[in-house]
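**Student:** Given next are the chains, with one letter for each unit.
Protein chains: 2
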Amino acid sequence: MTQSSISYVLLADGLFPSHPQALACLEKAHKIVCCDGASQKLLDFGKEPDYIVGDFDSISPEVRVRFHDRLVHSPDQETNDLTKGFRFCLGQDASNITILGATGLREDHTLGNISLLADYATYLPSIRMMTDFGIFIVVSDSKIIKSYPGQQISLFSIDPTQQITSYGLKYPLNNRPLTNWWQGTLNESLTDSFRLDISHGSLLIFQCY
Amino acid sequence: MTQSSISYVLLADGLFPSHPQALACLEKAHKIVCCDGASQKLLDFGKEPDYIVGDFDSISPEVRVRFHDRLVHSPDQETNDLTKGFRFCLGQDASNITILGATGLREDHTLGNISLLADYATYLPSIRMMTDFGIFIVVSDSKIIKSYPGQQISLFSIDPTQQITSYGLKYPLNNRPLTNWWQGTLNESLTDSFRLDISHGSLLIFQCY
Chain A
1 MTQSSISYVL LADGLFPSHP QALACLEKAH KIVCCDGASQ KLLDFGKEPD YIVGDFDSIS
61 PEVRVRFHDR LVHSPDQETN DLTKGFRFCL GQDASNITIL GATGLREDHT LGNISLLADY
121 ATYLPSIRMM TDFGIFIVVS DSKIIKSYPG QQISLFSIDP TQQITSYGLK YPLNNRPLTN
181 WWQGTLNESL TDSFRLDISH GSLLIFQCY
Chain B
1 MTQSSISYVL LADGLFPSHP QALACLEKAH KIVCCDGASQ KLLDFGKEPD YIVGDFDSIS
61 PEVRVRFHDR LVHSPDQETN DLTKGFRFCL GQDASNITIL GATGLREDHT LGNISLLADY
121 ATYLPSIRMM TDFGIFIVVS DSKIIKSYPG QQISLFSIDP TQQITSYGLK YPLNNRPLTN
181 WWQGTLNESL TDSFRLDISH GSLLIFQCY
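Protein sequences appear in the order of chains A and B.
Its first residue numbered 1, the first sequence is counted upward by one per residue in UniProt numbering.
Its first residue numbered 1, the second sequence is counted upward by one per residue in UniProt numbering.
In short, the hints are calculated from the structure, not lab data.
Keep in mind that a hint or two might mislead.
[To be verified] Residues from chain B shown here face chain A by an in silico Cβ test under 10 Å; the list is partial:
1) Gly-104
2) Ala-118
3) Thr-185
4) Phe-206
Note that CB positions come from ideal geometry on N, CA and C, so glycine has one too.
When you get a sec, could you build the whole thing from the sequences and use the hints?
**Tutor:** If you want it as structure tokens, here you go:
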């Protein structure tokens, strides 16, 4: 992150973060954009949203009145609140976006939100999602990723025709597809970085704290 | 379930269930098989495991001694504890298996365990996973699924070449692939059942409580 970069947190309406690293990211953010009902969770935590995006079906009349000048109305029924929030951040001055609160409750929301991250990365490759257990990032082509020895790493192909080669992981992949979500789980970084070469498309990486 | 059916719960080492429906399933089970460290969580809840499967790296010496005649040693490094537990259940007299405790902590474990359910269903189509928010089942070919009006339904294709047609869902699918995990989320049942026709392979269904 450069000194002049503007960091946004996009707070989804899942489980409010509790891990110190996720909370540190929330504290340091220049702007916090809340998906609808997540604004109440942020207020309960003791912070104020800079913007609230959605159709406001999940916020109280008090919040509506108090933050009337921070509401970004987006009634589009064809997309969900997380995508509305992401589109809003993209239209602002965000140089990086971290999604928080996107997992930990309904598992179908968790799966959907994680896969949306891969879509968002086509517009903003540096986007990441921090949970209470680790960080999801998205990589394409070839990339060296910072790590530490023994860090737990999992890889998820959304496109199972993709071939992956790894360097610096305990269980190396050699031009191999990951046709099932479990096949790339429970790997481990051997040193302070690892490298992935990906034939096409993008790959979801989960790095435990 | 017929009167003579033998119901097994396979308890994974994720978040211990808290939803009444998941706990009712645990209470009614004829046999409870714990994946390694899940045995301690079950004991803390006030119940005893019938079997503990794994390499026992996550259980205390006291539990090892107390349940020495219920330990099923499986040191295979090529597979995880959930799969070890599933294989054990299959080799017993289980006529149905419900997986509990497989989600709610590390998201990579959640994703891996959900996709393993689809693998297990090729051996035992009736297998299901109950979470604190709903039930995952796996269907193939054509199937009518019991529901209730307004029930939240999400569909996940592990094979994105699969074509799906739905009847009785609010947002109908017409011979459509689900190439991304979010594309089949947030649907809704219109009546007391819905039907899915699947071109090939199997499909994960999540039904909220």
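**Student:** Take the hints in turn and mark each one as holding or not.
**Tutor:** Hints, one by one, checked against the model:
1. Gly-104: holds (7 Å)
2. Ala-118: At 8 Å from the nearest chain A Cβ, B/Ala-118 passes the 10 Å test, so the hint holds.
3. Thr-185: At 4 Å from the nearest chain A Cβ, B/Thr-185 passes the 10 Å test, so the hint holds.
4. Phe-206: With a closest approach of 5 Å, the B/Phe-206 hint holds.
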